[in-house]
Amino acid sequence: MVNPVLLIAVPLGLAFMVPLIDSASRKLTRFVPVAALLFNLILCIRLIPAVLENPIVINLGGFTPPFGINLFVGPLGLLFAGLISLAGLVVSIYSLSYIKNGPVVKYHMLYMLLLTGATGVVLTGDLFNLFVFFEILCISSYALVAYHGDRAGIESSIKYLIQGTVGSGLLLIGIGFIYGIFGTLNMADIAMKIATVEQSTLFVPMILMVAGLGVESAIFPLNAWLPDAHSSAPSSISAILSGIAIEVGLYAVARIVFTVFGISDIYLFFAFLGILTLLIGEMCAFAQSNIKRMLAYSSIGQIGLILFALALATNNTVTGGLFQLVNHTFSKGLLFLSAGYMIYRSGSMEISSLNGMGKRMPLTSLAFTVGAFSLVGLPPFAGFPGKFLIVSGALLKGEMVINILVGLVLLSTVIEGTYFFRVIQALYFKDGNGEQRKQAPATAVTAMIALMILIVALGVYPKFLADFLSSASSDLLDKMSYVGSVLK
Amino acid sequence: MSFLQNNIYYIGAFGLIMIGLLTVLVKHNLIKVIIGLSIMDTGINLFLIAIGYLRNGTAPIFSSPEVESILMVDPVPQALVLTAIVIGVAVLALALSLAIRLYKHFGTLDLHKIKELKW
Amino acid sequence: MTGMEILLLVAFGGVMLTYILGRISSSLRNTFAVVLSLVLVVIIALMYDKTGETIFYRGFFGIPMVLRINSLSWIFAMTISFIGCLSVIFSLDYMKVKERTSFFYAMLLLVNSSMMGIVLAGDLLTLFIFWEIMSWSTFLLISYNGGPAIAAGMKYIVMSFAGSMAMLAGIISIFTAFGTLQISEIAAGMSSASSGFKIFIVIVFGIAFGVKNAIWPFHAWLPQAHAEAPSPFSAVLSGVLIKMGVFGFILTMYVVVGLGTYMSLGGAIFSVRSILLVMGAITILVPTFVALLQDDAKKLLAWSTIAQAGYIMLGIAYGTSLSMAGGVLHFLSHVVFKSLLFMTVGAVEFRTGGIRDLNSLGGLIKKMPFAFTGTLIGVCGLIGVPLTNGFVSKWLIYKSLIFGSPLLTFVALFGTWGTVLYSYKLIHNIFLGQLPEKLKDVENTPLSMKLPMIILSFTVLLFGILPGLPLRVINKIVVSLGFDSLNISLWGIVSESGMLNMINLFAAILAGLIAVWLFLRIGARTIPVKQDDNYAAGAAVPRDRYNYTVKFYDPLLRMISPYLRDIFDTFYMKIADLTGYLSNGIRKIYTGYVGNYVMYIVLFISLMIFVQMKWSPW
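Protein sequences appear in the order of chains F, P and L. Just so it is clear: in the first sequence, position 462 is 462 by our numbering, and no numbers are missing. Just so it is clear: in the second sequence, position 112 is 112 by our numbering, and no numbers are missing. Just so it is clear: in the third sequence, position 479 is 479 by our numbering, and no numbers are missing.
Heads up, a few of these hints could be off.
Unchecked claim - With a straight-line Cα cutoff of 27 Å, these simulated DSSO-like cross-link-like pairs (lysine-lysine) come out:
{"#": "1", "chain 1": "F", "residue 1": "K438", "chain 2": "L", "residue 2": "K98"}
{"#": "2", "chain 1": "F", "residue 1": "K359", "chain 2": "L", "residue 2": "K96"}
{"#": "3", "chain 1": "F", "residue 1": "K430", "chain 2": "L", "residue 2": "K98"}
{"#": "4", "chain 1": "L", "residue 1": "K588", "chain 2": "P", "residue 2": "K118"}
Don't read these hints as lab results, they were simulated from the structure.
So here's chain F without its partners, still in its complex pose (with noise of 0.2 Å):
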């Protein structure tokens, strides 16, 4: 069996190596994350045979748990890194042409350890290598933000900085309680000593952990810096912080508050915490022209319902949030992959500089409308089997409570389709100044449709991911299997 170890290794190795590459052969440099990620997908996709049956818990260094290192590849973190991987490799294939200006060596290293970052987080299973992969992921996103140099770019970075390392102290002195308290950090460990413990000692640390993860994954009063940064990130880079890095967070968070403290009396504030996060980023978004800002906006609104999926915590929901999870990656993606190549050609973020677009750059336009139909949720694309499950879920548990928030959700929805509505009449009925047709790179052409395949491929048959989503939820619900297969 390959060992899952490599999935964080090969990608951190190479990101280092970027520099040495570059000086043997600068031609060289753009591929380098295009093979580690397909490496890491490859990978991913062989392991899942066996993570399905078993989870695989790697020991590193050999110490068994509760001491040492170790890491978890469940079925959940396989679906993240699986994702990660695949959204990181459609992105890198398409900056190979959108990253052409500035210091591309770093950027290819950032992007890469910023994924190396982000696979740590979703496959470890010790709270402070967590934390160690966290702020990898933050620093290199706090730069990559910054990657442009330009006013906007250097602006949204430092104050994502400060925001971030408030949120990441906020996340350190939660593990120093926890450590404190139980004087382990594994996990599992924790995870089964936690009913020893008094819950109210336990609300302090479990506090500062959401908040502090809360911040990257941008819950509603914790999320100021991600409509900055996400809008003026280079595109590719808005992709994957919004596809990946947001996504990466709530895993972070729902790990945290189902499996290390899984105590259920806090679900319903997370429920409301989502459904309030979601309201105000489509209100939000609604009330934009900036295209970028809306997107991020928007986002923010997924991430709302997501959460209040996973909060839900049945089976439904959270296969049903985790399948929105997978399909806001792809759609975001998408819409933020096509979004830079038009602002690019407009010169302007402005909506209405968008007018007309579908006639100069069709197949973009044509993966934007892909991408926002998915997102609102309208068959046959991936975005309505997601809101499908999460409705159908709620609705399940039968508590009034929760069929108002259904309700909210619902009208969410309404909210979002107007705003992407209108984006996609300014592309295609609107006039716009009679530039000529040109497309998008090749590049970045076969990264789009990379996704639009994969957005109507699950809209069509969500079957297909439905069982290993189903999985994943109970990985994620299950806390007794988590620590039992971990301290065998």
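Since the structure of chain F is already known, use the hints to place chains P and L on it.
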């Protein structure tokens, strides 16, 4: 008095964290904010060390057979702090380099004046 | 693989192929589109009188997705493919001058295909999926023309999307309650459900289908959308697309909820049935007179569409076998004559270079005789002149209402009076009177537009003279919904409240016509007089304007227009404004000052800890 004695490190640590946080909250000079972040980081590191610290403890090394493990300070937080310090330095360096670029663009470090991205 | 699967495969495959062919050659694409839509008509015609259910797909989380055919789906599918085919033929010339025709054809066919999917759906999930595909493809087509069409499309999609979300809530509630989405199985579960649940289902589905069917107060999107869409698509939109709402109503009220339950659902006064009837009546009354106010030919027809939807609603909601037959027949009649009218108006628009304003048209009868004849027949159908299909269906509706509810009958008759007025305005202001100077060079209707007009005019008369043809199929629907069978012959219908025999009527009218003709022939002394001779009593006539076409019915309109303000349209626009305003306010929390942002983080934690310490909910 003994409360103070027993918890002096914790009080110090949280004092530092609060000072740092307050600096971030109320100062609008970017350099001061970064200093605040750094102070906060220091506080957190002190907090981590304090968790594993024993009064009159020894280094966690079995240098001679008669060293008792009960007297050793916990080595794990120290390892954590080493990592945390490295991370903190990285963030600080990045923040300062960004501050330089920011000053080039805006001609000021006053965060009240750097509000082009909002709403 | 059954006929239904083949049908959908051909329909949806054809959509893609049409677009791809359009990339190669436009004439190839046009031929293919016409052939494809003809093939669809043939396939559906072959399915006549078949019933059956097949599970065609299990890929959606293993929920069986079912297609089923019965007489109800057949008649709707037939109508869709028929009108779809004619509108494709009509587009051949109409779309020649526009750009992005491949997109137009593909979307037109996609709308038709998805509507077929809706009517053939055997479970609510399939229905919803096709419903949404229909919604967004319609949105793209309505916005197609740009300009004012943008706002129209936006209004349409937002209302329609809100409706679909309501429907989704209903569908998923049914799914969670009964564990199945198959229509045939839901009915069994519904009968044992609580009445609150039933009312909830009726409300959410009512909103969804009411929006699509443009029942008052959900009609606000329709006038603009119909007016701004390309004319061949307006025909589809007004003819069949909004009738998906009718299909949905029949499905929810009589199949899902069930006839017996539907009649007794709700309280004594505020029963679901009476509310629907009142909504139907208002839908007839108000839009009819709003139509009078319109100066835009297509807007006039659009408001007339809403009013006619009210008649259909009245027939369907009343819930006797006669009224049901009347409702379904009126749907069929309306499809035919309203598509015809939109096509004739479209032809006029096409030939005059996009003029739809009734004040600046006139006298086109000599230039476009075909369009005039089509409009005349269509208008006759719309009013319900005997020997047209509109007469039969309205007769059925009046007959069924007249004893049970005289007030509703009065409303319906009153609406017909208004219909006469606006129909006359339409035909007069376009075709009669004086030809404006600038329209001197208008050419006759092109062949591709004549053909659908001839076919539709013929259908109007055929169904008017031999109503037994459609009524036989409709009788099957009526029986399958749980009503008594009707006594139907080829030329009429016998019911307890009177009988209809179109052959006798036909003979009587024919005899009358011959008598008049003979009388005129023998006793007529016609002297052709130039219009200028007596018009305006010798005063100078403005060259370019025939005064009666401007401000038609002005005194009447001045009298009634204060009562016809569209409150609900204003209301919806206010909601939209409010949402925008609120959103603008909410985004101000992202102030741009990073200190505030950190403050949010600190506040979040402090609030949590405070709540925990104060009330310790955890």
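message: K588 of chain L and K118 of chain P were given as a pair; does the straight-line alpha-carbon distance stay at or below 27 Å?
response: holds (8 Å)
task: Decide if the proposed pair is consistent with the structure: K438 of chain F and K98 of chain L, CA atoms, cutoff 27 Å inclusive.
output: It holds: about 22 Å lies between the C-alpha atoms, which stays within 27 Å.
query: Keeping to a limit of 27 Å between CA atoms, is the pair of K430 of chain F and K98 of chain L held or broken?
result: holds (15 Å)
query: Regarding the pair K359 of chain F and K96 of chain L, is the alpha-carbon distance no greater than 27 Å?
result: The hint holds at about 18 Å.
Of the numbered hints given earlier, the model fails none.
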